[in-house]
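According to my numbering, the residues represented by the sequence shown are 5 to 216, in order.
Certain hints may be false.
Stated by the list, open to error - Just the calculated beta-carbon pair ranges, DEER-fashion:
(1) Glu151 with Glu45: 13 to 21 Å
(2) Lys193 with Asp65: 27 to 35 Å
(3) Asp13 with His174: 21 to 29 Å
Stated by the list, open to error - Calculated pairs, BS3-like style, for lysine-lysine (alpha carbon to alpha carbon, straight line, at most 25 Å):
(4) Lys155 with Lys109
(5) Lys125 with Lys155
(6) Lys193 with Lys125
Simulated from the structure, these hints should not be mistaken for laboratory data. All of these numbers come straight from a predicted model, not from anything done at the bench. No residue lacks a Cβ here, since even glycine has one placed at the ideal position from N, Cα and C.
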Amino acid sequence: MRNYEVSIDGLAVVLTQHAPEAAPQAGGLVVQAAAAEGMDELVERARRIPGIERLTLVVPDPAATWERFRGTCVPVEAAGGAVTDERGRLLAIHRLGRWDLPKGKVDVGEALAEAAVREVKEECGLREVSIVRPLCDTWHTYLRNGERHLKRTSWFLMRASSAERLVPQHEEDIREVTWMDADGVQRVKAGTYATVRAVISAWEEAVPRSRT
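Throw the hints in and build the complete structure from the sequences for me.
Laid out in structure tokens, this is it:
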């Protein structure tokens, strides 16, 4: 049975059927949850513990727990890109005080891949962007108008040329767009969201040269 991971108000929450064999790492907490109905309460309690960044909930049926949680949220579809240049660097944007990767909401009737390419072009000023393959999906929640929204972002591995001029989309609060070498990628990971760190980890596995 598969695991499910979602970022809830900045806390990484994992739903699993079996407790991890290894001891929890620093910032992690593992809780046996007999009933899925108590998920919100367990998340809120974990968020009040200083230093906890990851909560693993061991539940009898992760799929059922996940579907029940999804049913409490307003669904939102988004798409984005982990873009590599000819030198194996990662394209990053700086928005609202944090490093991030280009992404945005999917328009009605728009294909995920089409939306991902459009958002990368719009947010970074690129004209030519090609998709290599799908990379991963991430999930996170946010509150709007008193309702909890659950955003799924479909990420694609992409390529673009560093010869193109990068232009940040200021109307989307993007202040900088730049290609990051291995050291820069580590700085991005240290100052970004948990979901984006997961995408970068997937990108590092897909583009091993980025570590050099």
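Comparing the hints with the structure gives:
no.: 1; hint: Glu151 with Glu45: 13 to 21 Å; verdict: 19 Å, holds
no.: 2; hint: Lys193 with Asp65: 27 to 35 Å; verdict: 33 Å, holds
no.: 3; hint: Asp13 with His174: 21 to 29 Å; verdict: 28 Å, holds
no.: 4; hint: Lys155 with Lys109; verdict: 9 Å, holds
no.: 5; hint: Lys125 with Lys155; verdict: 21 Å, holds
no.: 6; hint: Lys193 with Lys125; verdict: 22 Å, holds
In summary, the structure agrees with every hint in the numbered list given earlier.
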